[in-house]
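According to the working numbering, the stretch in the sequence shown is residues 1 to 246, in order.
Just so you know, not all the hints are guaranteed correct.
[Claimed, not checked] The calculated lysine-lysine pairs, modelled on DSS-like cross-linking and capped at a C-alpha distance of 30 Å, are:
| no. | residue 1 | residue 2 |
| --- | --- | --- |
| 1 | K218 | K203 |
| 2 | K185 | K148 |
| 3 | K5 | K117 |
| 4 | K5 | K153 |
| 5 | K197 | K218 |
| 6 | K171 | K197 |
| 7 | K123 | K197 |
| 8 | K171 | K181 |
| 9 | K123 | K171 |
| 10 | K197 | K185 |
| 11 | K171 | K17 |
Please keep in mind that the hints were generated in silico from the structure rather than gathered at the bench.
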Amino acid sequence: MAKSKLYQTTHDEQKIKGGLRIALEFNDGGDPVPGILLLPNKDAAPAALLLHGYSSRKEVMSEAIGCALLEVGIGSLSIDLPEHGERRTGAGGMERSAMDLMRHWRTASRDALLAVKYIAARKEVDRENIGVIGYSLGSFLALAITPKEDCIKAVVLAAGGDLPDEMPFAKFARTIIDPTKLVRKLGGRPLLMVHGKRDRTVKPAQAERLFAAAEQPKEIRWYDSGHILPPAAGIDAARWLAGHLR
């Protein structure tokens, strides 16, 4: 990514168990990206970018997986994707037209890459030990940005999988993002997938198809749940990531 100046506005900062919670927004001269940064009580800590799913928001990721990461000494940055959380417009949600899909995807990809750059610029973070965790829609985004950033060392996909063939604009969507192609570009980075056995949103068959396309090292763990994974999945993901981010 080309170098550019980063700007930050801090809205709130408070001590929490195990570290510090900072509500902020950042940008490089464009539209601000809202985020929640959790930092452990130690210097040069590894960190992870957390990318939420469709209709979710940054608080969900921060309060669940972010807190689990903090307990194992890993910082995190959760951001609101376009048309979600603080960035939701009056219309609400992400529109479903092909052009809207492309526009939102490009913005989300740019924002996620900018978020990686922001994490790496923090003096409290070990810029050579950054991970990414994507949930559902966020898992597609995690796969898209990882090959573009050498500082990303490990990837967790929660409730993620290949695209469903029956989705609207399926063929068009694959011209923008094809998870089975992207997962082959991880370049030897460790991959963990956590998935619900009864997931009806991203079906187990989709997860298995994506997992089969990935190269080693990789691991998949199953939970007795639907699309909303249990807390145990977040704890397992945090511990796994701690083992791969030194």
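Outcome of the hint check:
no., hint, in the structure
1, K218 - K203, "holds, 19 Å"
2, K185 - K148, "holds, 10 Å"
3, K5 - K117, "holds, 10 Å"
4, K5 - K153, "holds, 24 Å"
5, K197 - K218, "holds, 18 Å"
6, K171 - K197, "holds, 27 Å"
7, K123 - K197, "violated, 40 Å"
8, K171 - K181, "holds, 14 Å"
9, K123 - K171, "violated, 43 Å"
10, K197 - K185, "holds, 26 Å"
11, K171 - K17, "violated, 46 Å"
When each numbered hint is compared with the structure, violations occur for hints 7, 9, 11.
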